[in-house]
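Visitor: Here is what each chain is made of, one letter per residue.
There are 2 protein chains.
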Amino acid sequence: MSDFSELESKINYNFKNKSLLFLALTHSSYANEHSLVSNERLEFLGDAVLELAMSKYLYNNETQDEGILTKKRAKLVCENALNIYASKIDFNKYILLGHGEEATGGRNRKAIIADALEALLGAVFLDGGFDKALSLVLNLFVPYINEALKNQDYKSILQEKLQSEKRSIHYEIVKESGLPNDKTFEAIVYMDEIIMGRGIGKSKKEAEMEAAKNALEKEAR
Amino acid sequence: MSDFSELESKINYNFKNKSLLFLALTHSSYANEHSLVSNERLEFLGDAVLELAMSKYLYNNETQDEGILTKKRAKLVCENALNIYASKIDFNKYILLGHGEEATGGRNRKAIIADALEALLGAVFLDGGFDKALSLVLNLFVPYINEALKNQDYKSILQEKLQSEKRSIHYEIVKESGLPNDKTFEAIVYMDEIIMGRGIGKSKKEAEMEAAKNALEKEAR
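Protein sequences, first through last, are from chains A and B.
For what it's worth, the numbering used here labels the leading residue of the first sequence as 81, then goes sequentially.
For what it's worth, the numbering used here labels the leading residue of the second sequence as 81, then goes sequentially.
Okay, chain A solo, but in the shape it has when bound (with noise of 0.2 Å):
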């Protein structure tokens, strides 16, 4: 277990029940692979730990009313926003995958990253408590909560951007291409009949993401 010593010094937090670390870090395919429990109950808690962690962030430090609050809450706690605040301490190095899930890239699969994260902050608070886990999203995540902000608004951004010179947006996923539990999708976002953007992704979200973003650094030129 010292890579699971490394991650603890990273996170700061030195765990008294070192299994459940462990227990945060199993991925179900490496659970079915080793007969064990995997990480989806824990995540299941961990979820709620990150939306309270972060929702007492933001209610002590934002003046915005509740409505505002409740739409950045929202995208501090999405699996873009995750993924952001895993790729600081290269989390998804210490997850526990299955065979077959490594050699499909698994380890680079936002939801597999986003989930042992979310699992991670669950196993801190039963181990330690609430202000334990708290402490977690403070130091780890909230230096980050700007650029987890921005990274995600880009379909948003054009829409908002559009609707004020009175033009239409579609989307459309144009290719497909993979094996199913590893597809790469690309998206084209065009304006009124005229490409305005490509994009590629994991999924038929982050292609078009991708392509509002390209969309918006096109028109910025």
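Careful, some of the hints might be misleading.
Note: identical chains are not told apart, hence a pair may lie in one copy or across any two.
[To be verified] Here are the simulated BS3-like cross-link-like pairs (lysine-lysine), alpha carbons at most 30 Å apart as the crow flies:
hint, residue 1, residue 2
1, K285, K151
2, K173, K90
3, K190, K152
Because the hints were derived from the structure by calculation, they are not lab data.
Position chain B relative to chain A; hints supplied.
Guide: Showing chain B alone in chain A's frame:
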């Protein structure tokens, strides 16, 4: 603030900062009349407190997988469930309402009651920490979770029951009456073209739920 100390004794928690309790009970209609801040931001926070407290309870006490736990959690933190918990301590009598809202029956409006109860949880959390809020949920909400789970399943139960008989059902709102902010709806549920049940409620959803309940009661006879 004599009423407030009665509430504190019911929830077995004494606020260090009484203004947090006052804030939790301040509906926007009262806030508007008295130029005060309303409980809406505190409700944003309390919503996440309830979610985590229920998640911890379910994680520790249920062995089911995360999919089932997620569905259960949704039912245990929804407006209907909050109204069941609130009714056990006559919580609505402590809410501070504006005159207009009071005159039009706001004290019995489910959304107002649920929101204030969430705000109360947010207030306990800020004042005493997560464990105090968790105790409140365990002592005052958890004893009624079976009632909460049962209370809202009528539409799903009816759906499942009739699906196995290969029947199709649909709902119709047949009557709408009352003032804009105090409406009453009547719903009918049909199996094929036969009337199975009728229900009345303060929202379309509530009326449909009551209609489903009525249909199930008739079936049981």
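Visitor: If a hint holds in the structure, say so; if it doesn't, say that too.
Guide: Results for each hint:
no., hint, in the structure
1, K285 x K151, "both (18 Å within a copy, 25 Å between copies)"
2, K173 x K90, "within (13 Å within a copy, 50 Å between copies)"
3, K190 x K152, "both (20 Å within a copy, 26 Å between copies)"
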